[in-house]
Amino acid sequence: MTLTLIWLIAFAVFLTLFLKRWEASVSGILDALLPAVLRSEDDRWIWCPALAVLGATFIVRPVDLLFTVIVIGVVALVATKLAGWAMNKVDLH
1 MTLTLIWLIA FAVFLTLFLK RWEASVSGIL DALLPAVLRS EDDRWIWCPA LAVLGATFIV
61 RPVDLLFTVI VIGVVALVAT KLAGWAMNKV DLH
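Counting from 1, position 65 in the sequence shown corresponds to residue 65 in the numbering used here; the numbering is continuous, with no gaps.
Calculated from the structure, these hints are not laboratory results. Be a bit skeptical, because a hint or two may be false.
With a straight-line Cα cutoff of 20 Å, these simulated DMTMM-like cross-link-like pairs (lysine to aspartate or glutamate) come out [unchecked claim]: (1) Lys20 <-> Glu41; (2) Lys81 <-> Asp64; (3) Lys81 <-> Asp91; (4) Lys89 <-> Asp64; (5) Lys20 <-> Asp31.
The structure presented is a predicted model; accordingly, all values stated were derived computationally and were not measured.
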């Protein structure tokens with residue numbers, strides 16, 4: 001129960017900070033990092049809660065978040081390598 005309460009408080013704080021600082025800093029950072037395909041007209045209501053969830057989870061369970069990021073990175077690397085190998089094997093002519 002305590003972890004849930006801490007997570008909810010951290011989420012609310014992060015969400016408030018991200019929404020207040022959207023125009024000044026968060027939007028510019030995301031524009032520099034994200035490709036054009038992932039940007040839309042109303043990014044604020046998509047990215048602020050997502051970043052707040054990541055921040056609150058990092059406050060409550062940093063090791064779990066780190067392991068999740070490592071697993072996602074390994075899966076993405078394997079998928080990229082397999083896709084490259086498959087494209088080399090396919091005859092497109």
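Point to revise | Pair hint outcome, Lys89 versus Asp64 [Cα-Cα no greater than 20 Å] | key: Roughly 37 Å between the alpha carbons, so the hint for Lys89 and Asp64 is violated.
Exercise for review: Measure nothing beyond the straight line between the CA atoms of Lys81 and Asp91; if it is 20 Å or shorter, mark the hint as holding.
Suggested key: Between Lys81 and Asp91 the Cα gap is close to 18 Å, so the pair holds against 20 Å.
Point to revise | Proposed proximity, Asp31 with Lys20 (alpha carbon, max 20 Å) | key: 17 Å, holds
Point to revise | Pairwise hint evaluation, Glu41 against Lys20, where the allowed Cα distance is 20 Å at most | key: Holds, at about 18 Å.
Check your understanding: Within 20 Å, alpha carbon to alpha carbon, are Lys81 and Asp64?
Key -> Cα-Cα ~26 Å, so violated.
Hint compliance for this structure: hints 2, 4 are not met, and every other hint is.
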